[in-house]
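Just so you know, the protein sequences line up as chains R and H, in that order. The opening residue of the first sequence carries number 1 in this note's numbering; numbering runs sequentially from there. The opening residue of the second sequence carries number 1 in this note's numbering; numbering runs sequentially from there.
Quick caveat, the hints were computed from the structure, so don't treat them as lab data. One should not assume that every hint holds.
[Said to hold, decoys possible] Pairwise CB distance ranges, derived in the manner of DEER restraints:
hint: 1; chain 1: R; residue 1: Q44; chain 2: H; residue 2: G9; range: 16 to 22 Å
hint: 2; chain 1: R; residue 1: Q67; chain 2: H; residue 2: D7; range: 35 to 41 Å
hint: 3; chain 1: H; residue 1: S12; chain 2: R; residue 2: L39; range: 16 to 22 Å
hint: 4; chain 1: H; residue 1: P114; chain 2: R; residue 2: E53; range: 46 to 52 Å
hint: 5; chain 1: R; residue 1: T15; chain 2: H; residue 2: K56; range: 42 to 48 Å
[To be verified] Some chain H residues near chain R, calculated using beta-carbon distances under 8 Å:
hint: 6; residue: M34
hint: 7; residue: Y39
hint: 8; residue: K42
hint: 9; residue: G43
hint: 10; residue: P44
hint: 11; residue: L46
hint: 12; residue: L88
hint: 13; residue: A98
hint: 14; residue: G99
hint: 15; residue: M101
hint: 16; residue: L102
hint: 17; residue: F104
hint: 18; residue: G106
hint: 19; residue: G107
Treat the numbers as computed from the prediction; the structure is a model and nothing was measured. All C-beta atoms in this analysis are idealised placements derived from N, C-alpha and C, irrespective of residue type, glycine included.
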Amino acid sequence: DSGVTQTPKHLITATGQRVTLRCSPRSGDLSVYWYQQSLDQGLQFLIQYYNGEERAKGNILERFSAQQFPDLHSELNLSSLELGDSALYFCASSARTGSGYTFGSGTRLTVV
Amino acid sequence: QKEVEQDPGPLSVPEGAIVSLNCTYSNSAFQYFMWYRQYSRKGPELLMYTYSSGNKEDGRFTAQVDKSSKYISLFIRDSQPSDSATYLCAMSEPQDNAGNMLTFGGGTRLMVKP
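Just chain R, with the same shape it has in the complex:
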């Protein structure tokens, strides 16, 4: 157990639907990162939150949004889902500089 908890582990949904992925960071970690991993694209950075504030954005689609709550857990919302959104979605957290980044076990999203 890495200390980063992601739910659900698996999600199957239809095109056009909306889903919410949840992440609880390691205790004490203030930064949360979301990554998408697909077979042809590898691990792609989506968005980072630090202590409730959006810190950095990567190649995140406008159909995707995220937030970090006061208790530091984060949610990634994916809407108007397309077949191409099928992927593994990972959350990672980090403490201060020099501590590395710890990943959760991911949510496998399948859009049918």
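Fit chain H to the known structure of chain R by using the hints.
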């Protein structure tokens, strides 16, 4: 051209061999370098974390960073079948207490045969 290049493999070696995994990168601003191990359908697991150039050793693992050549390596000594996984290099620009995004290589798939 990708910012971080990594040979996808697969790399197949016999048990007990020394494994060398490598990444090259183009962004000279990268200062933090990491290696992750990912088993199939699992989350990446941090193996090594280094800052700037130099070597770092942890058990059977040695990480090397050569910033002048924009080249990093991970060596695995006495490789075991349990080392069979995908190895991902990752790097980031300077960090403050909020951290910074990681840029990953595509991963090298390693197979260690008994």
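Now the hints, each set against the structure:
no.: 1; hint: R/Q44 <-> H/G9: 16 to 22 Å; result: holds, 20 Å
no.: 2; hint: R/Q67 <-> H/D7: 35 to 41 Å; result: holds, 38 Å
no.: 3; hint: H/S12 <-> R/L39: 16 to 22 Å; result: holds, 20 Å
no.: 4; hint: H/P114 <-> R/E53: 46 to 52 Å; result: holds, 50 Å
no.: 5; hint: R/T15 <-> H/K56: 42 to 48 Å; result: holds, 46 Å
no.: 6; hint: M34; result: holds, 7 Å
no.: 7; hint: Y39; result: violated, 10 Å
no.: 8; hint: K42; result: holds, 6 Å
no.: 9; hint: G43; result: holds, 4 Å
no.: 10; hint: P44; result: holds, 5 Å
no.: 11; hint: L46; result: holds, 5 Å
no.: 12; hint: L88; result: holds, 7 Å
no.: 13; hint: A98; result: holds, 4 Å
no.: 14; hint: G99; result: holds, 4 Å
no.: 15; hint: M101; result: holds, 5 Å
no.: 16; hint: L102; result: holds, 6 Å
no.: 17; hint: F104; result: holds, 4 Å
no.: 18; hint: G106; result: holds, 4 Å
no.: 19; hint: G107; result: holds, 6 Å
In summary, the structure is inconsistent with hint 7 from the numbered list given earlier, while agreeing with all the others.
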